[in-house]
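Visitor: Protein chains in written order, with numbering that gives the first Met the number 0: chain A, 0 to 342; chain F, 0 to 342; chain W, 0 to 342.
Bear in mind the hints are in silico, worked out from the structure with no lab data behind them. Some hints here could point you the wrong way.
Since copy identity is lost for identical chains, a pair holds within one copy or between any two.
Claimed, not checked - Think about it this way: if two alpha-carbon atoms lie no more than 25 Å apart in a straight line, the pair counts; the simulated SDA-like pairs of lysine to any residue are: (1) LYS339 - LEU97; (2) LYS148 - PHE73; (3) LYS148 - SER103; (4) LYS267 - TRP196; (5) LYS148 - ASP119; (6) LYS148 - VAL110; (7) LYS326 - ALA56; (8) LYS326 - GLN312; (9) LYS246 - THR39; (10) LYS50 - HIS280; (11) LYS246 - GLY208; (12) LYS267 - GLY304; (13) LYS339 - GLY325; (14) LYS267 - HIS192; (15) LYS148 - PRO106; (16) LYS339 - GLU329; (17) LYS246 - GLN312; (18) LYS246 - ARG57; (19) LYS148 - ASP95; (20) LYS326 - GLU28; (21) LYS326 - GLU338; (22) LYS326 - SER298; (23) LYS40 - SER298; (24) LYS9 - ALA26; (25) LYS246 - ALA190; (26) LYS50 - GLY19.
Each chain, letter by letter, is given below.
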Amino acid sequence: MRDSGGIRMKLGEIAKALDGRLIGDEAFEIERLASLASATKDDLSFIVSAKHEGALARSNVGALILAEGLVHLFDGHRIVVADPYAAYARISSSFDTLLHELPSIHPSACVHESAALADDVFVGANVVIESGARIGRGTRLMGGCFVGKQASVGNDCLIHPGVVIYHDVHLGDRVVVQASAVLGSDGFGFAPHDGRWTRIHQLGRLVIGDDVEIGASTCIDRGALDDTEIEDNVIIDNLVHIAHNVKIGTGTAIAGCTGIAGSTTIGKHCMIAGAVSINGHIAIADGTRINGGSVITRSTRAGQGYASGTPAQEVGAWRRSAARHGKLDELHARVVALEKRDR
Amino acid sequence: MRDSGGIRMKLGEIAKALDGRLIGDEAFEIERLASLASATKDDLSFIVSAKHEGALARSNVGALILAEGLVHLFDGHRIVVADPYAAYARISSSFDTLLHELPSIHPSACVHESAALADDVFVGANVVIESGARIGRGTRLMGGCFVGKQASVGNDCLIHPGVVIYHDVHLGDRVVVQASAVLGSDGFGFAPHDGRWTRIHQLGRLVIGDDVEIGASTCIDRGALDDTEIEDNVIIDNLVHIAHNVKIGTGTAIAGCTGIAGSTTIGKHCMIAGAVSINGHIAIADGTRINGGSVITRSTRAGQGYASGTPAQEVGAWRRSAARHGKLDELHARVVALEKRDR
Amino acid sequence: MRDSGGIRMKLGEIAKALDGRLIGDEAFEIERLASLASATKDDLSFIVSAKHEGALARSNVGALILAEGLVHLFDGHRIVVADPYAAYARISSSFDTLLHELPSIHPSACVHESAALADDVFVGANVVIESGARIGRGTRLMGGCFVGKQASVGNDCLIHPGVVIYHDVHLGDRVVVQASAVLGSDGFGFAPHDGRWTRIHQLGRLVIGDDVEIGASTCIDRGALDDTEIEDNVIIDNLVHIAHNVKIGTGTAIAGCTGIAGSTTIGKHCMIAGAVSINGHIAIADGTRINGGSVITRSTRAGQGYASGTPAQEVGAWRRSAARHGKLDELHARVVALEKRDR
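Please model the entire structure based on the sequences and the hints provided.
Guide: Written out as structure tokens, the structure is:
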């Protein structure tokens, strides 16, 4: 677990930042935000339900964020809030200090003279910013990022090392992109002609809203003619593939290793688990939930949960199920024959 | 949708480039190539069948590429061609102007003195080209690419930002590689020895033909002893994994998130959909088609289509099917018992 | 197959390095380590069992590594060892010469003044090393790598081009990381609050042991509060996703395209095939084996093999099985009804 680097916060400050009620010493200094299992008496942790009572009893934690109804479970310093998990999320930023940077442009960065950078941006080592690109105030471009021609990155974004933002790709404000993600690559569009594939040049853009999060090595293609669009507050995990012309509605979450084929529309507030494959040219309705590892070939109904596949078994049992599966049609016919027998 | 940046083409030029018959004004200037839905009266679009008649009626499009039999569907400017979709693909390159570059080597690029570059290459910012590498005429290496020792890139290639081409990897002509792809990484080869894994150094090469397309963050391993080989006009989407010693035949298409394990041979003109897993040491015959999300563990027959897995269901129905699947062998036994009953 | 670049080894040296018994001429010079199929009379190859007898008969190979019991199969130069496959692995490093580098720091590298580099490191072109980072002796950082603040890389590591090592990530000795891998990205942690996702800053580290191998474009997240941990001699293939707080035990092998969700513990010496999806918050026991393409949602038992999914079929047969699968519950009810019939 990370060393705090000497940064400490007073419990009173933390309670105030969280609009919480402090039961304890406001001058008490917190060294780290920690899990119950690893916390020491100088650390702050949190519980979200009474089921953590046992872990709390075994913990050396010095201060705790919790809800009113659980105040009796702990007699150290307490910060009482309505939603302890959200409070933990909010205060976590105060302990994430290693990526703070003063506004500056590293001398090794290659910034085209026609690019427009706000005054207080941070541009790390070996960053490349091409002609006509625009970078908003407070945005950090970490080492080795690439921003193509006429692309724009909004305000207060954090673009981690090695990210490639193609030409004419547009990000809103407060977007976070993890390392080596690719935004705006050419979609997989080819026309067959005389027995060969001819590339269809991808002329659309990729447009990303505000407060979007994009995981490491995730690739989002630009549109073929119209745009690929990611709305506000969409969160996308690592190694996700989003093909050309896909639209994703606000608040949708997509876990790692998922792939979405071209021209599919994903609604608002969907929950798509990891390793899901979604066919092209279909519509995933608002609020759809999809289990991990599912293959979705048809449009879904709003608010419904979907899954495909079969549960894992030990290999011997799996082989038997798999063999029978391949002959299900025959088994069905045998049942029909039995039903037709004279009684 | 992208602004044209002031570039306009005359309809007469376009018709000529496409060997098409123009019905309309050859001096008419086209601003963008656009979808029917977003096209304005200054834009060019296309239709491939009569099923687009409704969309066409609702469109403001000014000029249309279409086939002879559909000429009556539109009374604006028309370019009549044999294959409108292929014509759209061909003309799309004329509207893709942002990546045009004059031959030049950016001062920040690190090019080894022993590397051999053709006169008219474009080498972007922070590109690294190592000793003995060769870059062919007309090729563009965009910002931050890496070309290892003794690697070669043919003529008229386009290598997008952040691509890593390992040592002794060889690309043909007109190869396009999307951002952050990795070409020639070490294969996953280890020998167990005294309860530990010992690395097998990967001594083969990766050899890629002409007119190949490789997607963003796709990784293709070099061979262990012999070479990994990708033949001409293979097209590969994003986040595809191709392991060591794989051979892929000409004209094969592989969609996103697919993985191919080591030493497997893929024939010519196969169509492999997204999120497919293909076992190692098997042969996928020429013209094989594989549905999205399938797991292929055995060799296939030429020209056949394959699939695995079960269709998605709503979660409640899926749970019931899944539970029964795990007891298919028992269900089969019960049917056998019923069949053996005396009538 | 790769040209040897003029480097030759004498058979006597090779036999000595492998603790092998030489039957043949110790002054015989080997040009390449090669497969049986491609070997010439100047090359060295190996066989691991009598099943290679046919391939050996067709080969032009000049020298062979083999076990005592197979000595009669070949009458050229022979090196007799206990385990020919392990011997091949060990000697392969002697033929992998293109990445040898003299200690040096490329002038284009951006190394922060507070970073601590051992004397004999190799730092390639455009590498970025941030404040407080430590690089051990003998380690090579190839072109364009990024090492974040307070990160550390042990001794004799090989970090291929384009790898991103986030701040406060720690690698042991002899770790090999293939191109564009991402180590220590923020995990996918968000708290819902007022109908929106709030980022949970990821304060844990990523700690990697000795002799670990990490594939191209593989992404391993740092921990949320505690650390993500990869123990010694774990080997991980390309495009693998490892989420926050995962622990992986020593000697475990994970093939390409596999994804492991957050807080799951993987035991020691597990064999996880490609394209496997493993749920979060479960425990994969020591020695577990998982077949390719499986979805694992529950904890496993030590030493057992697991699989899920159904075997691929030709599309027509697959459609029939798939349709029956969706009505398995109904089929079961029909069998129950038959069983209840009066005899």
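Visitor: Could you run down the list of hints and mark each one as holding or not?
Guide: Tested hints:
Within a single copy, LYS339 and LEU97 get their C-alpha atoms no closer than 74 Å, and across copies no closer than 70 Å, so neither meets the 25 Å cut-off. Taking CA atoms no more than 25 Å apart as the test, LYS148 paired with PHE73 passes in neither setting, with 56 Å inside one copy and 37 Å between copies. Within a single copy, LYS148 and SER103 get their C-alpha atoms as close as 21 Å, and across copies as close as 17 Å, so both meet the 25 Å cut-off. Taking the shortest Cα distances, LYS267 and TRP196 sit within 25 Å of each other only across copies (13 Å), while inside one copy they are farther apart (35 Å).
In this assembly of identical chains, the alpha carbons of LYS148 and ASP119 lie at most 25 Å apart whether taken from the same copy (21 Å) or from different copies (21 Å). Taking identical chains as interchangeable, the C-alpha atoms of LYS148 and VAL110 lie at most 25 Å apart whether they share a chain (11 Å) or sit on different chains (24 Å). When the C-alpha separation of LYS326 and ALA56 is checked against a cutoff of 25 Å, the pair qualifies neither within a copy, at 55 Å, nor between copies, at 43 Å. Taking identical chains as interchangeable, the C-alpha atoms of LYS326 and GLN312 lie at most 25 Å apart whether they share a chain (19 Å) or sit on different chains (11 Å).
For the homomeric pair LYS246 and THR39, the shortest alpha-carbon distance between copies (22 Å) is at most 25 Å, but the shortest distance inside one copy (46 Å) is not. For the identical chains of this complex, LYS50 and HIS280 are inter-copy neighbours only, at 16 Å across copies versus 44 Å inside a copy, given an alpha-carbon limit of 25 Å. Taking the shortest Cα distances, LYS246 and GLY208 sit within 25 Å of each other inside one copy (11 Å), while across copies they are farther apart (34 Å). In this homomeric assembly, LYS267 and GLY304 come within 25 Å of each other (Cα to Cα) only inside a single copy, at 14 Å, whereas the closest approach across copies is 35 Å.
Taking the shortest alpha-carbon separations for LYS339 and GLY325, both the intra-copy value of 24 Å and the inter-copy value of 23 Å come in at or below 25 Å. For the identical chains of this complex, LYS267 and HIS192 are inter-copy neighbours only, at 16 Å across copies versus 38 Å inside a copy, given an alpha-carbon limit of 25 Å. When the C-alpha separation of LYS148 and PRO106 is checked against a cutoff of 25 Å, the pair qualifies both within a copy, at 20 Å, and between copies, at 18 Å. In this homomeric assembly, LYS339 and GLU329 come within 25 Å of each other (Cα to Cα) both inside a single copy, at 15 Å, and across copies, at 17 Å.
Taking the shortest Cα distances, LYS246 and GLN312 sit within 25 Å of each other only across copies (23 Å), while inside one copy they are farther apart (37 Å). In this assembly of identical chains, LYS246 and ARG57 lie within 25 Å of each other by CA distance solely across copies; the values are 22 Å between and 47 Å within a copy. Taking identical chains as interchangeable, the C-alpha atoms of LYS148 and ASP95 lie at most 25 Å apart only when they sit on different chains, with a minimum of 13 Å there against 32 Å within one chain. In the homo-oligomer, the alpha carbons of LYS326 and GLU28 never lie at most 25 Å apart, since the shortest distance is 67 Å inside one protomer and 58 Å across protomers.
Taking the closest pair of Cα atoms, LYS326 and GLU338 come within 25 Å of each other both inside a single copy (19 Å) and across two copies (17 Å). For the identical chains of this complex, LYS326 and SER298 are inter-copy neighbours only, at 20 Å across copies versus 28 Å inside a copy, given an alpha-carbon limit of 25 Å. In this homomeric assembly, LYS40 and SER298 never come within 25 Å of each other (Cα to Cα): the closest approach is 52 Å inside a single copy and 33 Å across copies. With identical chains, the CA atoms of LYS9 and ALA26 are at most 25 Å apart within one copy only, with a shortest distance of 5 Å there and 73 Å across copies.
Taking the shortest alpha-carbon separations for LYS246 and ALA190, both the intra-copy value of 23 Å and the inter-copy value of 24 Å come in at or below 25 Å. In the homo-oligomer, the alpha carbons of LYS50 and GLY19 lie at most 25 Å apart inside one protomer (22 Å), although the nearest pairing across protomers, at 61 Å, exceeds that limit.
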